[in-house]
Amino acid sequence: MRLGSGTFAACCVVVEVLGVVLFLRGFFPAPVRSFSGTKHQAEPPAPEPSAGSTSNWTKLPPPLFSKVVIMLIDALRDDFVFGSKGVKFMPYTTYLVEKGASHSFVAEAKPPTVTMPRIKALMTGSLPGFIDVVRNLNSPALLEDNVIAQAKAAGKRIIFYGDETWMKLFPKHFVEYDGTTSYFVSDYTEVDENVTRHLDKALKRGDWDVLILHYLGLDHIGHVSGPSSPLIGRKLSEMDSILMKIHTSLLSEERETLLPNLLVLCGDHGMSETGSHGASSMEEVNTPLILISSAFERKPGDVRRPEHVQQTDLAATLAIGLGLPIPKNSVGSLLFPAIEGKPMREQLRFLHLNTVQLAKLLQETVPSYKKEPGFEQFKISERLHGNWIRLYLEENNSEVLFNLGTKVRKQYLDALKTLSLSLSRQVAQYDVYSMVVGTIVVLEVLTLLLLSIPQALSNKAELEVPLLSPVFSLLFYLTFLVLSAIHVIVCTSAESSCYFCSLSWLTAGGVMMLISALLCAVVSALTKVFVDGKLLSKNAAHSNAQWSELDLLILLGTVGHVLSLGASSFIEEEHQTWYFLVSTLCLALCHDIYRNCLLGDDCELQRSLHMEECFGSATPALQDKNAGSAVLELNRGCKGPPSLDALRGFEKWMVLASPWVILICCRLLRSLNQTGVQWAHRPDLGLWLASSDHKTALSVLAALSLVVIFTLVQRRCSLASKVAMALGLLGVYCYRAAIGNVLFPWQQDNKDISKGIIEARFVYVFVLGILFTGTKDLLKSQVIAADFTVKTVGLWEIYSGLVLLAALLSRPHNLPVLVLSLLIQTLMAKFVWKPLRHDAAEITVMHYWFGQAFFYFQGNSNNIATVDISAGFVGLDAYVEIPAMFLTAFATYAEPVLWASHLVSFLSSEASSSALSHACFCYALIRSFPVSAYIILVTSLRYHLFIWSVFSPKLLYEGMHLLITAAVCVFFTAMDQTNTKS
Amino acid sequence: MKDTDIKRLLYTHLLCIFSIILSIFIPSLFLENFSILETHLTWLCICSVCVTAVNLVLYLVVKPNASSRRSSLSYKVTRFLKCCIYFLMSCFSFHIIFVLYGAPLIELVLETFLFAVTLSTFTTVPCLCLLGPNIKAWLRVFSRNGVTSVWENSLQITTISSFVGTWLGAFPIPLDWERPWQVWPISCTLGATFGYVAGLVISPLWIYWNRKQLTYKNN
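Respectively, the protein sequence lines represent chains A and B.
What the first sequence shows, in the numbering used here, is residues 34 to 1015, in sequence order.
What the second sequence shows, in the numbering used here, is residues 7 to 225, in sequence order.
There are no misleading hints in this set.
Here are the simulated SDA-like pairs of lysine to any residue, each with C-alpha atoms no more than 20 Å apart in a straight line:
1. B:K142 - A:A621
2. A:K443 - A:E379
3. A:K685 - B:K142
4. A:K813 - A:T825
5. A:K404 - A:S457
6. B:K142 - A:D625
7. A:K118 - A:R267
8. A:K92 - A:M377
9. A:K375 - A:K443
10. A:K185 - A:K201
11. A:K685 - B:L145
12. A:K987 - B:L181
13. A:K278 - A:W241
14. B:K8 - B:I208
15. B:K142 - A:C623
16. B:K142 - A:R628
17. A:K813 - A:S946
18. A:K788 - A:L264
19. B:K69 - B:T154
20. A:K867 - A:R748
21. A:K685 - B:I141
22. A:K867 - A:E582
23. B:K142 - A:L689
The set of hints was computed from the structure by calculation and includes no laboratory data.
Note that the coordinates shown come from a computational prediction; the quantities given were computed from them, not determined experimentally.
Let the sequences and hints guide you as you build the complete structure.
As structure tokens, then:
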């Protein structure tokens, strides 16, 4: 079967996406332990250990507290309470921490520091896997054993006000609730008022046992204006007054009941210096955890420093405090100060319960649990405890008993610490089988792509895909049989759950068939390459010598970047790699240009020589499989004399200056958004602009940027879309003014901040309108085979529609990024690619490199925290999943998509017919190369220390980028089809 | 003719390498606390002065451009002044390029500039000695198939390897090893020096191995 190389590449990328999805499912397994949650009722609580004599205390100990209020403040960092900010803005809390009846801790949250996994950690005591970040936007009900479910089963009445996520996690657990949505990041007063307005009523009524309040305002302020904003102080004092209200009400109520009440103040995660969260820096990880209760009496002068504990410890403590069984999967250890005031027997009982639970969990997860030091300690302390009980029941010498008891207690605490540590170190189980299958698919696709380089980049841009013959070959059936056999064996013998095995047999068989077909295709391509290689080995000798410096740089840069992905620092600072490569590319272009300009005649001589050679060997050197550059070079040789001499004075100067202009632009953009890890704290222009003091500067800059965007984009559009573009850009400014980012000159204060829904929808109408006109033009050019210009105009219109959408979604201080990317595209197209006549492959790679560099110029990084989720809610009244996800993805990958779309438009308006399919092929190749290499790297580094904090987010980014590349390639192919038809 | 040229080339290069090694060890006799990493700037100055001096002396002694006609004193003076201006310009343009590559604009200006000076001594000074202030000749030498003598060929190799060394020297900067030599611009200057030395070693050998294939258009 003959296929165009574009179509072939698009098919390959789509298959590769399948492989990557399979790999990701294996790499981020769904939590395995979750389904044990339903049968917890059946097991009786562990009885008190006893050596010989009988102890009758087999039931769970009674609750320690009658009522529990959990006040969770989103993104409450530890220094907001314990630091200078706390002293200044939270006087009541500071008083409680320093002098009141309370215990305070610094609870360490494990990354990913995102709300949903943190809520799960707080309530189940387990460590949710990384994949929870992805599910954060679509949180399903929590099936794992947790405190809330236990409390409900024990007949406690729970009331909840706050973040909606809780209601999704615990759908039928609350007797009364009111959810606030966490997605309007710019709203930070109403979200909290919606929680507080119920508070008086609930406190007065008192017909509940557990009250949970989740305040989102602080997190929203952090996202919008960072931790040093003056709004933070105001919010903290608001929170302080709420805490005081709850505390006084609880105290006054306590007089009527026997048991004391408990008030828990905690944060789910911290806040980085830029105000976001998700990663594992100290600021994001450390949260305060304060337990306040009249049970925790303290003598005057008793100074308690906040102790460092784990966030997961709260679940066990709450369970004990409420007299519930500890959640099964909890890896936390009881916060001992909370039970310090109890008699020794109860203390030991609680510690025993906790240790038994942890030991059981260890038994379930670690096969060789008996060798674990924690388990041994547990056994010893249980024995000691039994002896102590016997002593306790027999005689009552309090002195001896107390001393012995303290010893047992110490032993228990040590055991708890060791058990908890070894459990939380347990790395998630990887589903290796699915990972291997996914990797095989991806690697086969990559090999196929690499092997078909010479054919795909030849002038015809077509290649013979051996599809039918392998399907009937013996190899295909043999491979299929072997794979099926392996599948059966693996799936029947697997101990842990495996995603690929859980698929239906038909689907699994389909994947097996795909793998064997790909294998046959690879084998036949390989034989063909060898046969051709022998024939053409003579011609190939000189082709290597013809690589230009630019091709060499492109090849080395690509390979070097892929190699750099093996080091965690290079992943964290990947933007530096791209900036470096792009700068080098500019200098190489500069060298090229100067040589062409100043030594034009010399080169012409060489070029004519090349031409003769190239006509002499009309079939390009096919067997060079390292890269297509040999072929590219050959095409380049045939292009004829450089046209630089023909340029007039002004244009020549522009050609000479444009690499420098581009370099300066890149340098400016570099200082706009600092990303990465090492230098992320450096002050940058973006933060300066985003701060509320410089609103006027931001407004001027945004307005200027929008005007420049219009002038740069409008040239190639039809009149209707010009008008639509102008109105749309005006709408963008109005939207930003409405949500309070920028100012109108006549509007001095920002009193009325709305969500800007009307303005944003106004812009969407124009975006859709422009895209629609573009599509209409494209269809017209296809159906009636109209002139070439209609299609080009259509493509440029689609491009400008995307620009408008990007302008709407990007934050106002990022508008210059958009402007400069448009400027660089124009400069490169007009003064570099056209005069120097680079071929399609080189132009594609340059587009890809610039797209990558601009991805980081936007302020993105390989860290989940930099994804701007507020973009997903532009113009939406409530959270709607699909548009929100689409908008967020587009806002994140706006620049790569814009560069790819510029590539399509540019090539179809300038270059020859085969250029588009060459470009599509190169684009697919240059994306699938790093993805495949990275998959192998991650598999081999899966026990690396930074696997969750550095490598996994990068893997998600790579997967997402591949998906977008697949979409781009399909778009390319569609354009190519219309091209060939017309 | 060619073989003697290659031999002379080798000796001059060995002298240059020797001067760099001297610049590392001699100052510690006179200066207290001298080390490459801690008193990096001092070393940079000493190294560039050494290399420049050796290059000038070698140029005057060896005279690779034998064809240069006898000319008046004023011509020589203007030529020398032009060379100085070119050198300064190359320092400034290197500085600008470093900043464009991402070096801090305001902080560490002295460091960046001294790095630019060092790189200029490794690249521009030999060019000025050999080719004189003639941009076209420079461009000719640094484009493919443009060299016309053994000297130009070695110049091409050393210059390119200095640049490549500098380029590669930037790679350790983002790594989180927290070593003293990862600080800007130490790794880059070390890279440049290693590149220059490597070029000095490689170029005579390379020319020697390929002496049969190399044919120079003598014009």
